[in-house]
Amino acid sequence: MSQAASFDDMRDLYQEVIMARGRHPQHQLRLDPYDGAAKGDNPMCGDRVEVRIRMAGDTIAEAGFEARGCAISVASADLMADAITGRTPTEVRTLAERFRVMVHTGACPDCGPEMDPLRPLVGVHEFKSRLKCATLPWDAMLGALKESGHG
Amino acid sequence: MSQAASFDDMRDLYQEVIMARGRHPQHQLRLDPYDGAAKGDNPMCGDRVEVRIRMAGDTIAEAGFEARGCAISVASADLMADAITGRTPTEVRTLAERFRVMVHTGACPDCGPEMDPLRPLVGVHEFKSRLKCATLPWDAMLGALKESGHG
Amino acid sequence: MTMIRPAPLDVERIRAEFPILSETVHGKPLVFLDSAASSMKPTAVIDAMADTMRKQYANVHRGLHWMSERTTDAYESTRDAVARLMNAPSRDEIVFAKNSTEAINLLAHSYGSLMQPGQAVLITEMEHHANIVPWQMLRDRAGIELRIARITDAGELDWADYESKLADGRVALVAMTHMSNVLGTYTPAARIAAAAHAAGAKVMFDGSQAIVHRRVDVQALDADFYVFTGHKLYGPTGIGVLWGRMALLDAMPPFMGGGDMIGSVSFEKTTWARVPHKFEAGTPPIVEAIGLKRAIEWVEAVGYDAIAAHEAALTEHALARLADVKGLRVIGQAQDRGGVVSFTLDGAHAHDVATLLDRNGVAVRAGNHCAEPLMRRLGVDSTARASFGVYTTLGEIDVLADTLERVREFFA
Amino acid sequence: MTMIRPAPLDVERIRAEFPILSETVHGKPLVFLDSAASSMKPTAVIDAMADTMRKQYANVHRGLHWMSERTTDAYESTRDAVARLMNAPSRDEIVFAKNSTEAINLLAHSYGSLMQPGQAVLITEMEHHANIVPWQMLRDRAGIELRIARITDAGELDWADYESKLADGRVALVAMTHMSNVLGTYTPAARIAAAAHAAGAKVMFDGSQAIVHRRVDVQALDADFYVFTGHKLYGPTGIGVLWGRMALLDAMPPFMGGGDMIGSVSFEKTTWARVPHKFEAGTPPIVEAIGLKRAIEWVEAVGYDAIAAHEAALTEHALARLADVKGLRVIGQAQDRGGVVSFTLDGAHAHDVATLLDRNGVAVRAGNHCAEPLMRRLGVDSTARASFGVYTTLGEIDVLADTLERVREFFA
Ligand SMILES: Cc1ncc(COP(=O)(O)O)c(C=O)c1O
Ligand SMILES: Cc1ncc(COP(=O)(O)O)c(C=O)c1O
Numbered sequence: 000m001s002q003a004a005s006f007d008d009m010r011d012l013y014q015e016v017i018m019a020r021g022r023h024p025q026h027q028l029r030l031d032p033y034d035g036a037a038k039g040d041n042p043m044c045g046d047r048v049e050v051r052i053r054m055a056g057d058t059i060a061e062a063g064f065e066a067r068g069c070a071i072s073v074a075s076a077d078l079m080a081d082a083i084t085g086r087t088p089t090e091v092r093t094l095a096e097r098f099r100v101m102v103h104t105g106a107c108p109d110c111g112p113e114m115d116p117l118r119p120l121v122g123v124h125e126f127k128s129r130l131k132c133a134t135l136p137w138d139a140m141l142g143a144l145k146e147s148g149h150g
Numbered sequence: 000m001s002q003a004a005s006f007d008d009m010r011d012l013y014q015e016v017i018m019a020r021g022r023h024p025q026h027q028l029r030l031d032p033y034d035g036a037a038k039g040d041n042p043m044c045g046d047r048v049e050v051r052i053r054m055a056g057d058t059i060a061e062a063g064f065e066a067r068g069c070a071i072s073v074a075s076a077d078l079m080a081d082a083i084t085g086r087t088p089t090e091v092r093t094l095a096e097r098f099r100v101m102v103h104t105g106a107c108p109d110c111g112p113e114m115d116p117l118r119p120l121v122g123v124h125e126f127k128s129r130l131k132c133a134t135l136p137w138d139a140m141l142g143a144l145k146e147s148g149h150g
Numbered sequence: 000m001t002m003i004r005p006a007p008l009d010v011e012r013i014r015a016e017f018p019i020l021s022e023t024v025h026g027k028p029l030v031f032l033d034s035a036a037s038s039m040k041p042t043a044v045i046d047a048m049a050d051t052m053r054k055q056y057a058n059v060h061r062g063l064h065w066m067s068e069r070t071t072d073a074y075e076s077t078r079d080a081v082a083r084l085m086n087a088p089s090r091d092e093i094v095f096a097k098n099s100t101e102a103i104n105l106l107a108h109s110y111g112s113l114m115q116p117g118q119a120v121l122i123t124e125m126e127h128h129a130n131i132v133p134w135q136m137l138r139d140r141a142g143i144e145l146r147i148a149r150i151t152d153a154g155e156l157d158w159a160d161y162e163s164k165l166a167d168g169r170v171a172l173v174a175m176t177h178m179s180n181v182l183g184t185y186t187p188a189a190r191i192a193a194a195a196h197a198a199g200a201k202v203m204f205d206g207s208q209a210i211v212h213r214r215v216d217v218q219a220l221d222a223d224f225y226v227f228t229g230h231k232l233y234g235p236t237g238i239g240v241l242w243g244r245m246a247l248l249d250a251m252p253p254f255m256g257g258g259d260m261i262g263s264v265s266f267e268k269t270t271w272a273r274v275p276h277k278f279e280a281g282t283p284p285i286v287e288a289i290g291l292k293r294a295i296e297w298v299e300a301v302g303y304d305a306i307a308a309h310e311a312a313l314t315e316h317a318l319a320r321l322a323d324v325k326g327l328r329v330i331g332q333a334q335d336r337g338g339v340v341s342f343t344l345d346g347a348h349a350h351d352v353a354t355l356l357d358r359n360g361v362a363v364r365a366g367n368h369c370a371e372p373l374m375r376r377l378g379v380d381s382t383a384r385a386s387f388g389v390y391t392t393l394g395e396i397d398v399l400a401d402t403l404e405r406v407r408e409f410f411a
Numbered sequence: 000m001t002m003i004r005p006a007p008l009d010v011e012r013i014r015a016e017f018p019i020l021s022e023t024v025h026g027k028p029l030v031f032l033d034s035a036a037s038s039m040k041p042t043a044v045i046d047a048m049a050d051t052m053r054k055q056y057a058n059v060h061r062g063l064h065w066m067s068e069r070t071t072d073a074y075e076s077t078r079d080a081v082a083r084l085m086n087a088p089s090r091d092e093i094v095f096a097k098n099s100t101e102a103i104n105l106l107a108h109s110y111g112s113l114m115q116p117g118q119a120v121l122i123t124e125m126e127h128h129a130n131i132v133p134w135q136m137l138r139d140r141a142g143i144e145l146r147i148a149r150i151t152d153a154g155e156l157d158w159a160d161y162e163s164k165l166a167d168g169r170v171a172l173v174a175m176t177h178m179s180n181v182l183g184t185y186t187p188a189a190r191i192a193a194a195a196h197a198a199g200a201k202v203m204f205d206g207s208q209a210i211v212h213r214r215v216d217v218q219a220l221d222a223d224f225y226v227f228t229g230h231k232l233y234g235p236t237g238i239g240v241l242w243g244r245m246a247l248l249d250a251m252p253p254f255m256g257g258g259d260m261i262g263s264v265s266f267e268k269t270t271w272a273r274v275p276h277k278f279e280a281g282t283p284p285i286v287e288a289i290g291l292k293r294a295i296e297w298v299e300a301v302g303y304d305a306i307a308a309h310e311a312a313l314t315e316h317a318l319a320r321l322a323d324v325k326g327l328r329v330i331g332q333a334q335d336r337g338g339v340v341s342f343t344l345d346g347a348h349a350h351d352v353a354t355l356l357d358r359n360g361v362a363v364r365a366g367n368h369c370a371e372p373l374m375r376r377l378g379v380d381s382t383a384r385a386s387f388g389v390y391t392t393l394g395e396i397d398v399l400a401d402t403l404e405r406v407r408e409f410f411a
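Chains as they are written, first to last, in numbering that gives the first Met the number 0: chain A, 0 to 150; chain B, 0 to 150; chain C, 0 to 411; chain D, 0 to 411.
No wet-lab data here; the hints were simulated from the structure. Check before you lean on any hint, since a few could be wrong.
Chain C side only, calculated, beta carbon under 7 Å to chain D, not exhaustive [unchecked claim]:
1. L20
2. A36
3. K40
4. A43
5. Q135
6. I147
7. M245
8. G258
9. G262
10. H276
11. A362
Note that CB positions come from ideal geometry on N, CA and C, so glycine has one too.
Required output: the full structure, derived from the provided sequences and hints.
Pasting the structure below:
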C-alpha cells in the first residue's frame with residue numbers, strides 16, 4: 000500500500016508564525032506578582048493552560064502563561080498575550096468574541112487591524128477537533144480577568 | 000381486517016381436566032397444621048403460589064396450596080397435590096424431575112403410570128413462556144419439603 | 000360497536016415504514032398491541048444505526064481524527080434534537096442514560112445524596128417499579144422518607160391527598176409518572192409542578208409513556224427533571240434521557256465514575272467535567288444516540304398533533320369495542336388518558352387470555368406491568384393490557400375485540 | 000526495517016467484512032489504527048442488529064406473546080455465548096451492563112457496600128480512569144483505603160510493590176487491568192490472582208482490552224470478577240459485561256432499582272430477583288445484546304489463535320518500523336504485550352502528530368488516553384497511540400511509519 004503524505008495544505012493550519020510561536024513562545028512565563036490567574040483544562044485530550052495577568056490601572060500591563068499542549072494551543076496563548084497587552088478589559092472581551100467567531104467560521108467581518116496578529120490562527124476553523132486548542136487560552140484569560148476584578 | 004380465531008389447537012394446552020381443575024381446584028386450601036411451607040414467585044408476570052404439606056411418618060399425608068395465577072398454574076398445583084399425596088420424599092423428587100422433563104420436552108421416556116395424572120400438562124412444552132406457570136408449584140413444593148426436614 | 004372514523008394520519012403509509020409489521024405469528028398477521036412495553040422501529044432508525052456502523056463510526060470525544068470528529072458531531076447533535084423535542088432551555092441539560100430506569104437511579108443517587116434525613120420523596124400509587132424501587136433504596140440508604148400519594152378509584156391522582164402530603168413542606172422531590180403505563184392516565188403535570196413548587200419541592204416526571212403520545216414542553220410544565228426512554232419512542236434500546244435544569248444538575252455530584260466525566264484525575268483528587276458530561280461515564284451508547292436522533296426526527300415529521308389525534312381515536316374505539324365484550328372490565332377510567340387500555344376478563348386469567356390472543360397473532364402484555372403496588376391498590380392480581388402506537392389501526396383493535404369474544408367463549 | 004511476514008490469517012477476506020474500511024478520509028484510504036478506543040463492526044453484527052429490529056423484536060421477560068418470547072430467547076442466549084467465550088462456570092453469572100465503566104461502578108457500589116472501613120482496594124498506576132474513579136468515589140463515600148501498586152519503568156507491574164501492598168491482609172479487592180490501553184502490557188493475571196487470594200483478597204480484572212486480543216479463561220485465571228465492553232470486541236456500543244462468581248454475586252445487594260430486578264414490590268418492602276436479573280434494572284440493551292452474541296460468534300469463528308498471532312506480528316512489525324523513525328520514543332517496553340503502541344515524537348506534540356496523520360487518512364488517538372495518572376508516572380503530557388485490530392494490515396503500519404517520517408520533517 001502506498002499512501003503519499005503531502006502536507007502542503009497543512010501550512011494553512013500550521014502557518015510559519017504558529018510553528019515559531021509554538022516552539023519558542025515569548026510569554027511562557029510564571030508572572031509574579033499578578034492580579035488574576037485562571038486555569039483551562041481540556042480533559043478530552045489532556046491540554047492544560049494557566050494564564051496570569053497583571054493590570055496597570057485599567058489596562059492589562061502584562062500576560063503570561065504556562066501551557067502543556069500542542070503547537071496550536073501554545074501559539075494561540077502566545078499570540079493572545081501579545082494582542083491583549085495594553086488593552087482594557089472591555090477591548091479584550093471584544094477581541095475574545097471576535098477570535099471565537101474567526102476560529103469557528105474562518106471569517107471575521109467585524110475584525111479590524113487589531114485582529115491582524117491573531118489571523119494566523121484562522122486555519123483552525125477547518126479542524127473542528129482542534130478548536131478547543133485555540134480557544135482554551137482565551138477561556139483561561141477571561142477567567143483571570145474575572146479573578147482580577149475586571150471580569 | 001378479518002383474522003379468524005380458531006382455538007381448536009389450543010385444547011392441547013387447555014385440556015378438559017386443566018380447565019376443570021383450573022376453575023375448581025380440589026386442594027386450594029390453607030393447610031393447618033403443616034410440616035413445611037414455601038412460596039413461589041414469578042415476578043415477570045406476577046404469579047404467586049404457596050404450598051404447604053403435612054407428613055405422616057415418611058410419606059406426604061396431605062398437600063394444599065394458595066395460588067394467584069392462571070389456569071395452568073392452578074391446575075398444575077392441584078394435579079401435583081393429587082400426585083404427591085401418599086408418596087415418600089424420594090418418590091416425590093423423582094416425580095418432580097420427570098415432570099420437569101415432560102413439560103420441557105413434551106416427552107417422558109422414563110415415565111410410568113404414576114405420571115398419568117400429570118400428563119394433561121404435556122401441552123405446555125409448546126408454550127415456552129408458560130412453562131414457569133406449570134413448574135412454579137413444584138418448585139414451591141420442593142421448598143416445603145425441605146422446610147419439613149425431608150428435603 | 001361504534002362507527003369506525005377515518006384515521007387522522009395515513010396509517011398504511013406509516014406501517015410500510017415498519018418492516019416487522021408484515022411478519023406473521025402462528026400463521027396469522029402480527030397484531031402488535033404491546034407498544035407500551037417497547038415500540039417497533041421504523042426503517043429510518045434501523046438504517047441510521049446500520050449506516051453509522053457501515054460508514055462513519057469511531058469512539059467519541061477522544062479522537063482528533065476524522066471518523067471520531069464526525070461521530071462525535073453526530074452523537075452530540077442528538078442533544079440538540081432532544082432539547083428541541085422537549086423544549087429544554089439548553090442542549091447541555093440533556094444527559095444520556097441507558098434507559099429511563101438508569102436516569103431515575105442517577106437522580107435518586109445524585110440528587111438524593113443532597114437530601115437530608117427528615118426530607119421526603121413523594122411518589123404515587125400508580126408508579127412503575129422504575130419510579131418506586133430507586134426511591135425505596137434511597138430511603139433505606141439515607142433515611143429519606145418515602146411518601147405515597149393516593150389515586151382515586153378512577154385511576155387519577157387524588158388531588159387532596161397529594162396536597163396534604165406536600166403540606167408540611169418536607170417534600171424535597173415529587174417523582175411522578177406523566178402517564179401511567181397501566182391505566183393510561185395522564186397526570187396534570189403543570190398543576191402538579193405548581194403545587195410542588197409552592198410547597199418548596201422540586202418535581203421530576205417519568206415521561207417514559209407520555210412523550211410517546213403527546214408533545215412535551217418541559218418549560219410549559221415548569222418541570223425540574225424529566226425522564227424518558229428511547230425504545231418506547233420508536234428508537235433504539237440502550238438509550239434514555241434525563242433532562243434537568245442546569246442549576247440543579249450543576250450542583251449534583253456525579254453518579255458513576257470513569258472516562259469522559261472527569262476534569263482531571265490524580266490518585267489524590269479528581270475533578271469533574273461539566274454538565275452533561277459529568278453524568279456520562281465511559282463510552283456512551285453512540286450508535287443508539289444516533290438512532291434516537293433519527294427516531295425523534297421521524298416522530299416530529301409525523302407530528303405530535305397527528306399522533307395524539309390518531310391515538311385518541313384508537314383509544315376511543317378500543318374502549319367502545321371492549322365495553323361490548325361480556326365480562327370484560329376496563330381498569331382505569333381517567334378523563335385524560337393515552338393509548339393504553341388494561342382489562343380483566345371474568346373466568347379467564349390474564350395469562351391465559353394473552354396466550355390465546357397470541358395464538359391469533361395478537362400481542363398484548365399480561366401480568367402486573369411492573370406496577371405491583373398499583374395492582375394491589377386496584378384489587379387485581381394482574382391485567383391484560385393492549386397498548387397502541389402510531390402504526391396501530393382501528394382494524395387491529397377490531398381483531399382484538401373479536402378475538403376476545405372467542406377467548407371468552409373458550410373459557411366459558 | 001524488518002521483513003514483512005505473511006499474516007497468519009486472511010486479512011483481506013476479513014477486511015471485506017468491515018464495510019467502513021473501504022471509506023476514504025481527506026481523499027485517502029482510511030487507515031484505522033484506533034481500535035483500542037473502539038473497534039469497527041463486521042457486517043454480521045450490523046445485520047444481526049438490523050434484522051432483529053426488522054423481523055423479531057419486542058421487550059424481553061415481560062410478554063407472553065411470540066415476539067417477546069423469541070426476543071427473550073435471543074437476548075438470553077447471549078449469556079451462553081459470553082459464558083462460553085470466557086469459560087465462566089455458569090451463564091447465570093453473566094451480568095449485562097452498558098459498558099465496562101458501568102460494570103466497574105456496579106462492583107464498586109454493590110461489592111463496595113459490603114466492605115468495612117479499614118479495608119482497602121488495590122489498583123495500579125496503569126489503570127484506565129474507569130478503574131480509578133469508581134474506587135476513589137468509594138473511598139470518599141465509605142472510608143475505604145485506595146492503594147496504588149507501582150509499575151516499573153518498562154511499564155510492567157512492580158511485583159515486589161504489589162506483594163508489599165497486599166501484605167497486611169487488609170486488601171479486600173484487587174482491581175487491575177488485564178491489558179493496559181496505553182502501554183499494551185498484559186498483566187500476569189493468574190499469578191496476580193493467586194497472590195491476591197493468598198492475602199485474602201478477591202480480584203477483578205478489567206479485560207476491556209485483553210479479551211479483544213487473546214482468549215480469556217476466567218477459571219484458569221482463578222479470577223473472581225471480570226469485566227469487558229462490547230464495542231471494543233467488534234460488537235455494539237451500549238453493552239458491557241460483568242462476570243462474577245455466583246457466591247459473590249449472590250451476596251451482593253443490587254446497584255440500580257426498577258423493573259426486572261425485583262422479586263416482589265410493596266411500598267414497605269421489596270425483594271430482589273435472582274442473579275443475574277438482580278443487577279439488570281429496566282429494559283436492557285436488547286438489540287445490543289443480540290449484536291454482542293453475533294460479535295462473539297464472529298470472533299470465535301476467526302479464532303483467538305489466529306487473532307493473537309496476527310496481532311503479535313503486527314506489533315512486532317510496528318515496533319521495528321517505529322524504531323527507525325528519528326526522535327520517536329515508544330512508551331512501554333513490557334515483555335508480554337498486545338496490539339497497542341504509544342509513542343512520542345520529539346519536537347511535535349501528540350495532537351499535532353495526530354492531526355497530520357489524519358490528513359493522510361491515518362487515525363490514531365492522541366492525549367492522555369483516560370489514564371492521566373499513568374501519564375504523570377511516565378513523565379509525559381500525552382502520547383499518540385496506534386492500536387491494531389483483526390483487520391489491521393502490515394501495509395497500514397507501513398503507512399503509519401512512512402507518514403510519521405513526513406510528520407517529523409514537517410515539524411523539523
Ligand atoms: C483498559 C480499559 N478499561 C476500561 C475502559 C472503558 O470502557 P468503556 O468506555 O466501554 O466503559 C477502556 C476503554 O475505554 C479501557 O481501555
Ligand atoms: C411509566 C414507565 N416508567 C418507566 C419505565 C421503564 O423504562 P425502561 O425499562 O426503558 O427503563 C417504563 C417502561 O418499562 C414505564 O412504562
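Enumerated hints in conflict with the structure, sorted upward: 1, 4, 7, 9, 10
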